[in-house]
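> Guided by the hints, dock chain H onto chain U, whose structure is given.
Chains as they are written, first to last, in numbering that gives the first Met the number 0: chain U, 0 to 328; chain H, 0 to 503.
Check each hint, because a few of them may be wrong.
[Said to hold, decoys possible] If you want the footprint, here are the derived chain U segments under chain H, 3+ residues with CB under 8 Å:
#1 186-192
#2 195-204
#3 213-221
No lab work stands behind these hints, which were simulated from the structure alone.
Virtual Cβ for every residue (Gly too), placed ideally from N, Cα, C.
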Amino acid sequence: MSMEATNASSKKVPLLKRFFVQSYSSAVSATILLVLIFSIFTTAFLSNYNLFNLSRTVASYGFIAAAQMMVVVIGGMNVSVGSVGALCTVVCGLLMQEAHLPTILVVPITIIAGLICGWINGQLITRLKLAPFVITLAMSFIYDGVATGVSHGYPYKVNAGFDELGRGRFLGTSQLFALFILLVLVLVVVFRFTLFGRNVLAVGGNEAAARLSGIRADRITVLCNMLSCGMAAIAAMLWTSRTGSASPTTGADWMLYSVAVCAIGGISLNGGNFTAIGFFCGALILTMVRNGLTMLNVDIYFEKAFLGVIILFAVSVESIRSRVARRMV
Amino acid sequence: MLELKNISKSFGGVKALRNISAEFHEGEIHAILGENGAGKSTLMKIVCGIYHADQGEVVLDGKVMKLHDYKDAVRNGISIVNQEINLIPESSIAENIVLDKMDQFTKMGFVNWKKVRETARVYMEMVGLDFDPMTPVMKLSAAHKQLIQIAKALSANAKVLMLDEPTSSLTQYEANMLFDLVRELKKKNVIMIFVSHKLEEVMEICDKVTVFRDGQYIGTGETKGLTKQQIIKMMIGRESNISYRGRLDAENNPVALEAKHICSHLHGLEDLNFYVRKGEILGFYGLVGSGRSELARTVLGIDKMDSGEVYLDGKRINTATFADSLHKHGIGYITENRKEEGLFLEDTIKMNINLNTLRQFYVSNVLPLIKPNLEDKNADRFVRRLEIKTPTANLKASSLSGGNQQKVAISKWLSVGCDVLVIDEPTVGVDIGAKEYIHDLIWDLAAKEKKAIILISSDMNEIISLARRMLIFKEKKIVQELVGEDFFARPGAEISAEIGKVFI
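Isolated chain U, as found in the complex (with noise of 0.2 Å):
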């Protein structure tokens, strides 16, 4: 009985179950039932036009959560991804109106302040031993401060040709899902092929057993935190590229979002695992809900209530089927 038992759970398992126990799977059947529901109710859904349009949102957002995801791994938390995004639209905008650099440098340069932002982060994360979330709360305040203070909430020019980023095609899509792609491909060989990435999962998983393996937990954690402002910074540019302006008002709603994408995309926000093609999920499925719900002339007033709804309808379906699927195995 045993041995039948072996075969079947390595190889024989059919191909319906091997995909129902993936911890991504309820985020890709959401996707492709979205996409039906979408395609059938609504014409303009599947246009062209409206699909680039999608195209360069998914990738917005796929952003701010890899902003996000980056400490949800290690089980923590960046409640100041909004605000560092804020205070890098404010660096960029600054170094292209008011110190007229090229573009060239304006890139590397606010990356490297987002960098900084983690590392504060990180730094006092790891010293003061207190938990990311509350540390976050303050930087966030910190930082969104500093970045009204500066701006006084006006927005900055950008430099001519700095929006062709986000406005520009690449085969047959944007340039920006392009990047996501590029972004998400990224992320698998960072975690499925390399060591730090196999670490951050480790921090993750059992903080205290990595230590024990030799891991440099803390390290890890400020890299992770430095990493996650850094993407920061960077989908603060991509989303001043977009819209052609440095406002100081970006990232006001990215916790909440980022945060959505992990935990519909099926990823713990306990920490330990990372799925690429959940987290690509997630990110689809809110930018189509929210896209959606616009086609179907759902109030617009009400928006952020229907995807609540949704939001809640994903996690419960992904913890019921968590549970069915731990009996199964």
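Then chain H, alone, in the frame of chain U:
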């Protein structure tokens, strides 16, 4: 009477229990024995409602139990006391004891603390605990926490009390206290089920023994009519011989690791010194909290060292963090807290085995990317070599039994190839078959591969059988060093008598 009728249970096609039937009577201490993975824990969990049997039923006093969860079991008079202590650390002893029946102590939403304290004191007295009932549980030792769990069970009027490895973290004195209590409960007609790996204590206090092997019922017998050898044979299907392993002859080997004047405020260590030679097994013996693990952890940089010097092969080294010790100096540490800091329970067996050696699976030095198929191979190799009982290395580590989890924890270190290895309590909660296997591994590491091994253990037999030099710890000090191959060639009983003198 508690009856189990034809109970079967599978997990994902693997049969954990096959058609188990057994009877447990009032006023009887009944031991359940078996190796890890034999199905003891699964059975206990079914009896107390945590798992649901696929087939069969649990019958208590003629009534079929249909339990939804553990709370349901407690309501029906079934309680379990286990190693994983289920108490709320921040709350007081009294609160923990009455927690599940707080409504009896509440009037209009307000708690009658006086009544809570008094009730708690009654049950604390029963288990021989003399504390202020308002003491937070986290301030107590593991032994006392265990006694509080029993007090909690008693306060719920337990008819069936299951004790799962209750003595694994207790000193001999505390264990004896627990046995007295168990004998006392026997007079009160409680049905007691006792799960333990320590045969000596089972022989000492249990009336009956039931043995499982590979999820099957092997037999039940009166303890009086059985010898230790017979029981072992029932458990593992063959007779075990714990005998003298021979000599290591490491007295003249060069010193591998040496620690001088180690001080730690955190652990209260002052000016401790030790060294270990290549190809030697140095034993650290002492009770939990006597400073043995604390010293090792301090020297390796896991816990903070305030002052002291560490030498490797005669050269002074810096072990500020454990990452330094491992990566720069090749010193490994197998922790005693397997579940908390040894394993990634929610990750796969494969991930656990490979974590320390991922660099070995790089495509090439130029391209530092991990090749997944090399990972698979390495994991499969260790699963086979250490006979880890699992259908595939892709299952979660939490799906394994204690002994097999320990094998995974050891595999992780075997593939690293450290020259110095500190092994802390390698066989706690591990059954006899796996235990001997692990002992053989440790012996070969020193005898064949000439590794320097520090073996930390509170299991006297284990340390006598493996170590050829031994430091005895008592109250954060090294009180004696036992040396000499000839000394360890003497019969085990003589050696333990010698060691026992230190503690009198």
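> State for each hint whether it applies.
How the hints compare with the structure:
1. 186-192: Answer holds; 3 residues pass the 8 Å Cβ test.
2. 195-204: Contact hint for the region 195-204 of chain U vs chain H: holds, 4 residues under 8 Å.
3. 213-221: Since 3 is at least three, the answer is holds.
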